[in-house]
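Protein chains: 2
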Amino acid sequence: MSKHNPQDLLLLFEHPQEPVFVPKGDKAGDNGFVFAVPDTYLSDQYRPLGALLTTRFGEDAEQIPVKKISIPPLGEILDIKRDENFSLFLEKHRHIAGKLIEIFMGMRNTQDLLSMACYCRDRVNPYLFNYAFSVALLNRKDTKNLSVPSFARLFPDKYVDSKVFTRAREEAKIVPDGSRAPLVIPKDFTASEREEEQRLSYFREDLGANLHHWHWHLVYPLNGERAIVAKNRRGELFYYMHQQIIARYNFERLCNKLKRVERLEDFNQPIKEAYFPKLDSVVASRAYPARVANQKMQNIDRAVDRVRLDVDELKRWSNRILDAIQKGTVMNEKGQTIELGENDGIDTLGNIIESSVLSPNRNYYGDLHNMGHVVLAYIHDPDHRYLETFGVMGDVATAMRDPVFYRWHAYIDDILQQHKATLPRYTIDQLNYSGITVKDVKVQSQGSSSNVFNTFWQQSDVDLSRGMDFQEKGAVFIRFTHLQHQPFTYKITVNNANPTTKLGTCRIFLAPKFDEGGSTWSFRNQRLMFIELDKFTVTLKQGANTFTRASTESTVTIPFERTFRDLDTRRPGANTAELDQFNFCGCGWPQHLLIPKGTAEGMAGELFVMISNYDDDKVDQNIDGVCSDAGSFCGIKDKLYPDRRSMGYPFDRLPREGVNNLQQFLTPNMRVANVTINFKDKTFKPKEAFV
Amino acid sequence: MSKHNPQDLLLLFEHPQEPVFVPKGDKAGDNGFVFAVPDTYLSDQYRPLGALLTTRFGEDAEQIPVKKISIPPLGEILDIKRDENFSLFLEKHRHIAGKLIEIFMGMRNTQDLLSMACYCRDRVNPYLFNYAFSVALLNRKDTKNLSVPSFARLFPDKYVDSKVFTRAREEAKIVPDGSRAPLVIPKDFTASEREEEQRLSYFREDLGANLHHWHWHLVYPLNGERAIVAKNRRGELFYYMHQQIIARYNFERLCNKLKRVERLEDFNQPIKEAYFPKLDSVVASRAYPARVANQKMQNIDRAVDRVRLDVDELKRWSNRILDAIQKGTVMNEKGQTIELGENDGIDTLGNIIESSVLSPNRNYYGDLHNMGHVVLAYIHDPDHRYLETFGVMGDVATAMRDPVFYRWHAYIDDILQQHKATLPRYTIDQLNYSGITVKDVKVQSQGSSSNVFNTFWQQSDVDLSRGMDFQEKGAVFIRFTHLQHQPFTYKITVNNANPTTKLGTCRIFLAPKFDEGGSTWSFRNQRLMFIELDKFTVTLKQGANTFTRASTESTVTIPFERTFRDLDTRRPGANTAELDQFNFCGCGWPQHLLIPKGTAEGMAGELFVMISNYDDDKVDQNIDGVCSDAGSFCGIKDKLYPDRRSMGYPFDRLPREGVNNLQQFLTPNMRVANVTINFKDKTFKPKEAFV
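Sequence order for the protein chains is A and B.
For the first sequence, full-length UniProt numbering gives the first residue as 1, with consecutive numbering after it.
For the second sequence, full-length UniProt numbering gives the first residue as 1, with consecutive numbering after it.
Calculated directly from the structure, the hints in this document are not laboratory data.
It is possible that some hints are incorrect.
It does not matter which identical chain is meant; a pair holds if it fits inside one copy or across any two.
Result set (EDC-like, lysine to aspartate or glutamate): computed pairs, CA atoms no more than 16 Å apart in a straight line [said to hold, decoys possible]:
(1) Lys296 / Glu516
(2) Lys187 / Asp344
(3) Lys68 / Glu657
(4) Lys163 / Glu84
(5) Lys173 / Asp266
(6) Lys173 / Glu472
(7) Lys163 / Asp440
(8) Lys67 / Asp112
(9) Lys173 / Asp469
(10) Lys163 / Asp83
In this text the structure is predicted, and so the values were computed from the model without any measurement.
Just chain A, same shape as in the assembly:
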């Protein structure tokens, strides 16, 4: 009998539909581990076969002892059936997830947690289990250093073309491990070129972008103990992270000769953009339903989901929120007035709109963002008469695939921007950094002239096998194609005219130089197009300073490999330190999407660099050893948001009087470089470098 190892908890993620008594963590050629659960832990389906199953599966594998504890009743947690889809947008599901998280959080030690998790695992809906168990591991003091495995490896069906699974089963059954070749997924599988929205599929359906979105919502749950929900500035981060996704999407649209996304403002108009996901939900054994062209949002009345909502109610909520923005105050549940302050108003509004349990008055301001997702996710079956589950908009793991996601979030963002429009404009003093001048900004991609970004298609391989249940073991790789850019460096020269060394925050943004009509932007419009590329602290000695920064160091992104880290955490040789805190790092914009696609002829961009005064930026905390790779989009685990400024600063507000374009906006501590994004329509093999 091996002794208790908290890493064993992670094995429970693997093969989510295979019962606990089936070996986990097995590679071809060895026999893995089985959880030796008390007979009473077996589900009703398998208890009668108890001994038979233990012999069948347990014989050769290493046993992980599971202590018998007294199990609290699961009650309503079982109201989400094993074969349902799970949605964080549904209050019922969030509430149930909150209950399960509470149970996992309440276990006295990891041994009890393992026991409880073993008991729950084969009874509870597998998505729900994964979510609640992940949140608990992330937040428990005794497990927070464990690395929750990548969701895409456990539920690959939410991320890749359904066609691949039959091929993967064939490969696993027919071809011996070692002779298997990666299964190539076509880049365009959800639509053809006839559909202009398809030009954005590489972005909407990107594995990393969708994983980021899933992780973000894992890190920022909507329900549960207040301590878990009330992360520093979460409402504001909801605003900012989604604003940046829209800005990036619009940038990509311009690269593809499409206009900026139209916000979904009129809820009674047919929605012209359709979406056919071609994804299966393996747990539900159903395909994700399609959203066909020209459907209208409809009133929802689904007893099974405990949701009943008129489309008009969405409008009422949004009108109340707009009223609050006009007044500059919101009303809490006790009828008290809360000011929407210059700095924290956006946080309050983010909480109201998202909405989480942090909303000061959910009854009055409602559940706008979530319920918009729900209405759109059920557009094909609003009253459950067809017994249909939700479309991709109902699942944070898949929502970004649908064009309507961006139309909906553009609408949400527009409301929040109306609040931003009421705020005092930044004065020159609030923007400038006295004595600091950015003298030069350059971008260098190897082999190119200055200020050129190079983008192209790249293939990458991911092993699906840990998420494919009831089949032959051994790795099965798929090969998919995603946008990539050549790594580059910034070279920034800053003069410090002050008599002392100064600290500054270097903020780097990128926007298209021209709008969809080819005209230069007004600042009011361009400010919404700036995408954050990086943000970091610099030390400026007196006089000239030149520093370089690699694109891979971005605090917006995480490295691609991290999202597909190996699950084999209990293997001899696995370096636990390396694996630490990967879970939080799973949140973060994918590095390969840092730079928009550009165009074959070269897309003109404006690279904006600013050095702000660290005295006004700094947050006093120690983040050494904490994964802080993608702090801009995700915050830092259990810490304050690492920048005291309003998120999106300096572009989060309307400009001061007299500023009509970017040049007029600049203070000496800012500089703009004209850059070009060159796209090469060629697909590079995995790890093959752009030449």
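Fit chain B to the supplied structure of chain A, relying on the hints for placement.
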């Protein structure tokens, strides 16, 4: 080495996606058979692994030698990709199927056929292979006695709720053969009671009804050598079989308090009835697309399917056909006029409308029935912009599931009825049988008073495992629920006042006694509601004759078990004689749907019995030993249709002058019994009898 056995051909049907070198026909505990194909026969994917695979899979199984022959190029046959769906409604697919059938038909002997089939099997689309190979086996002289296995066992995904497949994989992997319990499929899985069309789901989604429809189209291919297509009276049978399906559907609708189906006559109106099939296509690794509520038919332009068609074209075709009906003549391709004769006009029109290669002028009259299916099947993606495959209406194996199937076929039937309305009415002489009087008609169900039919729900089990590929072996049963009736007998008393023994054809029909408003029918309407229950020859000696006939003897139906006959045709002990000719018998209305559902309170019906003059009915041929179970709906293999009368006689035409209701229609050789159909809303276990 075993010697060549034509039964080996049947093993090629099994596990349609597993390559030929994987054992077939294996049961738990034995090792099955593998086809020892020449290395050059392996597909490109597996040729490099040749020796490895032979060792891996071939070692323990019995080898079936496959002779190396010279292989003709497959050419355009490969234009239907392995992972596409296959549709007989698409001209491109029919054409390709015709080519493949031709190749299979042209093989000199069964050994060459086996070799060719082995070569094709892992290259050609699996549905296409199954179809073309089935048609060839049915029509080749040296294979026509082989029993083509049930399509539902090979492609269960086309017949049962997709949810069951994950459970089946779990069962196969976790539970040892012998301890497995059937997986129960809920009766209602495609919609809830909110959707009134759901009341008919037991009929639309019935496994036997859909298998019948598949088999019918297998027996009556649209393309191929003329000898295969030009079966006796096939155009008329197209009309009659579908007319009877509509009549049965309307009967069931009345049982469920719904009005008769509305024909889909206006092609520009939104179609209010939606359908969400919840079926997967395993070969395409895609779910069957849904047809959401209120979509309109749209112009089709899909290069991939080589089809481009405006909805208006459908109307033009149908107007030309209606013109022809008005004129009483059609024009062939040479511009010659062909009369629509009293007896054979319907056959010509059936061929024109269906349409098969027998249509005298496909250019002019078009492809109405097939293209209606196509337009409806692609309603969600008419121009292939979303890279979607067709909905259930695109596949003869699944089309009957969709409510719009009945709306479309009601439209088709209405056109054909307009032709029937032009025909001379049957005179009393054409209806009567001089000297013959039906004195009494009784129906007896055990334990009930006379003239009562008892219906209820029954469960049945089917083994899916032969159609589930790349997983553990051994039987996996599903248990589904279907309508059933208690077996009953007719007792019919006939007086023969003639001085000699006479032969007669006893024709038994059933119709609801009242229309949806509760009124008695006009004959013009009721005649379209009569469903055929049985038809058989009787010998009438002078004077009184009483004969009984069991419901199970019906010439409309086939026994339920036959549709799920075992595939293990090469097992020791398998009785080849018993298995003979099952293929053709796969066509036939399912016995368990012989009697409509009725109602809990008892639905009033009129049972019509007629003895017609055999001299006018008889067809001189020997059908001994030929499967002729369901001749009324399917004809008899390689024989003439077994009734010389117009199909549907005596209800296929408008009544003679003065006949306004059924009573007025009767001649002495006819009789009507008032019957009641009692439905008991209880589900009986497999093989459990109604008490």
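Query raised in the report: Given a CA cutoff of 16 Å, do Lys163 and Asp440 count as a within-copy pair, a between-copy pair, both, or neither?
Result: neither (50 Å within a copy, 61 Å between copies)
Report task. Using 16 Å as the alpha carbon limit, work out where Lys163 and Glu84 are close: within a copy, between copies, both or neither. Result -> Intra 21 Å, inter 10 Å, cutoff 16 Å: inter-copy only.
Query raised in the report: Checking Lys173 and Asp469: alpha-carbon separation at most 16 Å within a copy, between copies, both or neither?
Result: both (13 Å within a copy, 9 Å between copies)
Query raised in the report: Should Lys296 paired with Glu516 be assigned to within, between, both, or neither, using CA atoms and 16 Å as the limit?
Result: For Lys296 and Glu516, the Cα distance exceeds 16 Å both inside one copy (28 Å) and across copies (34 Å).
Query - Identical-chain pair category, Lys187 with Asp344, by Cα at 16 Å - result: Neither way: Lys187 and Asp344 sit 42 Å apart in one copy and 55 Å across, limit 16 Å.
Report task. Have a look at Lys163 and Asp83 and pick one of within, between, both or neither, based on CA distance no larger than 16 Å. Result -> Classified as between: cross-chain Cα gap 8 Å, same-chain 21 Å, threshold 16 Å.
Query raised in the report: When no copy is named, should Lys173 and Glu472 be tagged within, between, both, or neither for a Cα gap of at most 16 Å?
Result: both (6 Å within a copy, 9 Å between copies)
Requested in this report: If the cutoff is 16 Å on CA atoms, where do Lys68 and Glu657 land: within, between, both or neither? Let me know, please.
Outcome: neither (69 Å within a copy, 86 Å between copies)
Query raised in the report: How would you label the pair Lys67, Asp112 (within, between, both, or neither) given a Cα cut-off of 16 Å?
Result: The answer is within: 7 Å in one copy meets 16 Å, while 64 Å across copies does not.
Query raised in the report: Is it within a copy, between copies, both, or neither that the alpha carbon of Lys173 lies no farther than 16 Å from that of Asp266?
Result: neither (51 Å within a copy, 51 Å between copies)
When the structure is compared with the earlier hints, violations turn up for hints 1, 2, 3, 5 and 7 and for no others.
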